[in-house]
Amino acid sequence: MELLNAIVVLANFVLIPALAYGSQIALGALGITLIYGILRFAHFAHGDIMAFGTGIVILVTWWLQGQGIGLGPFPTALLALPVGIVATVLYLLAADRTVYRFYRKVKAKPMILVMASLGVMFVTNGITRLIMGPSEQRFADGERFIISVRDFRDWTGLAEGLAFRSAQALTIVVALIAMSLLFWFLNRTRAGKSMRAYSDNEDLALLSGINPERVVVITWAIAGTLMVLAGTLYGLDKSYRPFTYFQLLLPFFAAAIVGGLGNPMGAIIGGYVVAFAEMGITYAWRRVVGYLGPEGWEPAGLMQILPVDYKFAVTFGILVLVLIFRPTGIFKGRTL
Amino acid sequence: MTGYLRNVALFAVMGVALALTGMYQSWVLALTILNMSLISAVMALGVNIQWGYAGLFNVGVMGFTAFGGLAAVLIAMPPVPEAWAVGGFGAVLGLMLGAGTIFAAILIWKRLPPGKLRVLALILTLVVGYMITRFVFAPATAAIERINPATEGYLGGLGLPVILSWPVGAVMAAGLAWVVGKIALGLRSDYLAIATLGISEIVIAVLKFEAWLTRGVNNVVGIPRAVPRPVTLQQYDWVQGVSQRLGLGLSDTARVIELTGYALLFVLVLAVLIWLSENALNSPWGRMMRAIRDNETAARAMGKDVTRRHLMVFVLGSGVCGLAGAMMVTLDGQLTPGSYEPLRFTFLIWVMVIVGGSGNNWGAVLGGFVIWFLWVQAEPAGRWLMDALTSGLGVESALRSHLMDQSAHTRLIMMGLALLLMLRFAPRGLIPEK
Numbered sequence: 047m048e049l050l051n052a053i054v055v056l057a058n059f060v061l062i063p064a065l066a067y068g069s070q071i072a073l074g075a076l077g078i079t080l081i082y083g084i085l086r087f088a089h090f091a092h093g094d095i096m097a098f099g100t101g102i103v104i105l106v107t108w109w110l111q112g113q114g115i116g117l118g119p120f121p122t123a124l125l126a127l128p129v130g131i132v133a134t135v136l137y138l139l140a141a142d143r144t145v146y147r148f149y150r151k152v153k154a155k156p157m158i159l160v161m162a163s164l165g166v167m168f169v170t171n172g173i174t175r176l177i178m179g180p181s182e183q184r185f186a187d188g189e190r191f192i193i194s195v196r197d198f199r200d201w202t203g204l205a206e207g208l209a210f211r212s213a214q215a216l217t218i219v220v221a222l223i224a225m226s227l228l229f230w231f232l233n234r235t236r237a238g239k240s241m242r243a244y245s246d247n248e249d250l251a252l253l254s255g256i257n258p259e260r261v262v263v264i265t266w267a268i269a270g271t272l273m274v275l276a277g278t279l280y281g282l283d284k285s286y287r288p289f290t291y292f293q294l295l296l297p298f299f300a301a302a303i304v305g306g307l308g309n310p311m312g313a314i315i316g317g318y319v320v321a322f323a324e325m326g327i328t329y330a331w332r333r334v335v336g337y338l339g340p341e342g343w344e345p346a347g348l349m350q351i352l353p354v355d356y357k358f359a360v361t362f363g364i365l366v367l368v369l370i371f372r373p374t375g376i377f378k379g380r381t382l
Numbered sequence: 005m006t007g008y009l010r011n012v013a014l015f016a017v018m019g020v021a022l023a024l025t026g027m028y029q030s031w032v033l034a035l036t037i038l039n040m041s042l043i044s045a046v047m048a049l050g051v052n053i054q055w056g057y058a059g060l061f062n063v064g065v066m067g068f069t070a071f072g073g074l075a076a077v078l079i080a081m082p083p084v085p086e087a088w089a090v091g092g093f094g095a096v097l098g099l100m101l102g103a104g105t106i107f108a109a110i111l112i113w114k115r116l117p118p119g120k121l122r123v124l125a126l127i128l129t130l131v132v133g134y135m136i137t138r139f140v141f142a143p144a145t146a147a148i149e150r151i152n153p154a155t156e157g158y159l160g161g162l163g164l165p166v167i168l169s170w171p172v173g174a175v176m177a178a179g180l181a182w183v184v185g186k187i188a189l190g191l192r193s194d195y196l197a198i199a200t201l202g203i204s205e206i207v208i209a210v211l212k213f214e215a216w217l218t219r220g221v222n223n224v225v226g227i228p229r230a231v232p233r234p235v236t237l238q239q240y241d242w243v244q245g246v247s248q249r250l251g252l253g254l255s256d257t258a259r260v261i262e263l264t265g266y267a268l269l270f271v272l273v274l275a276v277l278i279w280l281s282e283n284a285l286n287s288p289w290g291r292m293m294r295a296i297r298d299n300e301t302a303a304r305a306m307g308k309d310v311t312r313r314h315l316m317v318f319v320l321g322s323g324v325c326g327l328a329g330a331m332m333v334t335l336d337g338q339l340t341p342g343s344y345e346p347l348r349f350t351f352l353i354w355v356m357v358i359v360g361g362s363g364n365n366w367g368a369v370l371g372g373f374v375i376w377f378l379w380v381q382a383e384p385a386g387r388w389l390m391d392a393l394t395s396g397l398g399v400e401s402a403l404r405s406h407l408m409d410q411s412a413h414t415r416l417i418m419m420g421l422a423l424l425l426m427l428r429f430a431p432r433g434l435i436p437e438k
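Each protein sequence line maps, in turn, to chains A and B. Each residue of the first sequence is one higher than the one before, starting from 47 at the first, in this note's numbering. Each residue of the second sequence is one higher than the one before, starting from 5 at the first, in this note's numbering.
Think of the hints as simulated: they come from the structure by calculation, not from any bench. Here the structure is a predicted model, which is why all the values come from computation and not from measurement. Incorrect hints may appear among the rest.
Between beta-carbon pairs, the in silico distance windows are [unchecked claim]:
no., chain 1, residue 1, chain 2, residue 2, range
1, A, Lys153, B, Ala402, 43 to 51 Å
2, A, Arg372, B, Phe213, 24 to 32 Å
3, A, Pro373, B, Val123, 12 to 20 Å
SDA-like mimics (lysine to any residue), calculated; alpha carbons at most 25 Å apart, straight line [stated by the list, open to error]:
no., chain 1, residue 1, chain 2, residue 2
4, B, Lys186, B, Ala109
5, B, Lys186, A, Pro373
6, A, Lys284, B, Val210
7, B, Lys114, A, Phe371
8, A, Lys153, A, Glu259
9, A, Lys357, B, Leu217
10, A, Lys155, B, Arg312
11, A, Lys357, B, Glu345
12, A, Lys151, B, Arg192
13, A, Lys357, B, Ile187
14, B, Lys114, B, Val131
15, B, Lys186, A, Tyr356
16, B, Lys438, B, Ala295
17, A, Lys357, B, Ala109
18, A, Lys357, B, Met135
19, A, Lys357, B, Trp182
20, A, Lys151, B, Glu300
No residue lacks a Cβ here, since even glycine has one placed at the ideal position from N, Cα and C.
Throw the hints in and build the complete structure from the sequences for me.
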């Protein structure tokens with residue numbers, strides 16, 4: 047009984063939230079890693095374009111809600127997703143045409159491209175704040191819980207309850223589908239293979255007749271889709287605020303680097319590593335330890351290694367460990 | 005010499021713009037812009053040292069600036085004796101234990117032979133060290149925060165003149181940069197960017213949540229001034245004389261004189277920094293740095309230790325950013341950890357360097373002036389622009405009122421466009437590198 051209670055507490059406060067959060071980070075990090083692998087620069091506008099795309103999804107969601115259109119138990123935002131994805135991909139392609147393509151042509155240093163992405167970041171941030179405002183926006187609707195704490199207690203008779211929110215379930219399911227589709231695409235289709243070839247060896251790929259501009263367009267399309275997915279799921283699961291999305295850059299990059307920049311599988315695993323470490327280290331373990339330890343042994347302190355305010359420090363710590371011990375990431379980077 | 009004349013003309017235009025602001029808006033505003041421009045110019049110099057001389061990409065300017073700003077509190081605020089009595093010893097001992105733990109861990113890693121034993125010893129040291137540190141540290145800081153929490157609740161500072169905090173802030177930021185550089189330099193160039201992005205968020209988190217040191221989100225206000233306050237100035241006879249001669253109100257005159265005082269101090273600092281950086285850039289050291297920047301492999305082949313040079317330049321540049329941070333907190337008279345945001349304190353500085361001309365000290369300074377001026381003036385301009393654009397929508401339009409409310413954000417778009425246009429069409433900036 048005690049053991050079960052401990053597991054339930056752990057699942058409720060660490061395992062399930064970390065799984066959902068990790069899926070969101072993984073989707074973002076996948077985008078970072080793909081752009082790095084194909085376009086060969088660190089895309090700093092990632093968080094802000096994610097905020098932009100999610101903003102479009104929110105606007106469409108509001109409009110649909112106003113029209114009385116919904117999906118019953120599912121959030122209306124799912125219906126709005128395609129619009130957000132199309133808008134974001136178009137926005138990214140416009141940015142590529144007007145900004146990035148020129149530097150690709152003159153074979154500028156990667157740092158110049160990073161600088162250009164800072165400019166895009168500024169512009170996007172301004173547009174998003176102009177449309178959505180800087181404050182928090184809510185757009186979640188539909189059924190809130192799949193399992194609520196009280197139901198769980200009634201069913202199982204355990205002292206501890208477990209809540210499984212539908213946004214968390216949705217995140218995990220959607221992320222799994224998106225990842226499987228991505229790997230299927232990269233490994234099975236012609237376009238996907240040409241992307242991998244281009245990432246591996248640009249010159250050889252060009253020599254075998256792969257059209258680089260097409261590869262670039264596909265990359266932006268995939269990255270844009272992943273961004274809007276990650277952003278919408280994050281917004282449904284937690285909340286939408288443009289600045290929070292900007293701050294997600296750090297876990298995204300950390301996950302991509304931990305997994306090896308340019309390596310999609312690595313980005314996914316990196317995402318979960320970052321999420322579980324962040325949650326585990328900032329969680330107060332007192333109740334779990336209380337259940338596991340002998341009777342009356344409940345510790346006096348919170349048993350929290352770091353306060354929640356320092357979750358960035360955890361991400362940074364993982365990053366530092368990887369930089370010191372395995373600078374190329376857990377998996378070797380730069381292969382798609 | 006045409007290039008020289010052109011540069012002088014650019015600075016003159018900037019001066020005229022400030023003068024016009026003074027005449028048509030207000031002199032207090034013009035001087036406020038000038039002071040922040042001077043501070044921004046110092047920050048831009050710091051970034052220019054890293055990017056322009058050595059090609060290092062630091063996106064953690066905010067962190068180094070904020071950390072330097074902390075020095076103003078630690079140096080100038082009066083100490084809180086009760087807080088020191090209840091927790092000073094514990095807090096300092098805790099910090100030393102924490103540092104000792106990390107030092108011991110590094111020593112173990114370096115001295116012991118590789119293998120399972122080393123990993124085990126490392127983990128054991130870290131865990132035990134962490135627990136001992138926490139055992140000493142946590143009660144001490146909690147006790148400090150309980151002392152008079154409405155106005156104090158922190159250790160206070162040393163009660164020294166605030167000007168002293170400028171070099172101290174520089175040294176603190178430089179020390180932080182050394183740690184970051186040790187970890188992230190010598191790897192792929194993007195890694196430094198990510199590491200600095202991370203450390204700057206952590207510095208802000210520390211300032212926000214370590215209330216025993218910084219009062220956290222409650223802010224430290226009333227930091228002793230470097231120049232007498234306007235209230236004090238108003239009582240002097242000569243200030244009253246100046247007020248009558250200028251025909252300006254007494255309180256405005258006092259404010260103008262105060263701001264001028266700060267401007268003079270900042271100009272002095274900036275002049276010394278430019279003199280130092282110009283000499284450095286034109287010395288054998290500067291030529292070596294540029295050689296490394298332009299071709300690392302060749303420089304390495306010539307026997308230059310690229311990683312060490314990078315570390316040096318990174319530390320120097322971050323130190324300058326820390327200096328600017330301490331200057332800014334001195335000017336504001338308060339430390340408000342909640343007000344640091346990366347767009348304003350990191351990425352705007354980058355726009356300054358790129359627009360001004362990376363690799364050229366005067367360019368960075370000019371960029372600091374131009375961009376800060378635009379940043380301040382873009383707000384009313386954005387409102388005016390938005391008003392003009394949406395005037396067709398009618399007064400009652402909800403969309404229009406929403407856009408008008410958010411019009412301040414158009415300046416972000418303007419800054420982004422400035423960066424993109426310069427990068428594309430004049431990548432060498434307003435004052436290009438020689």
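Hint check, failures only: Of the numbered hints, all hold.
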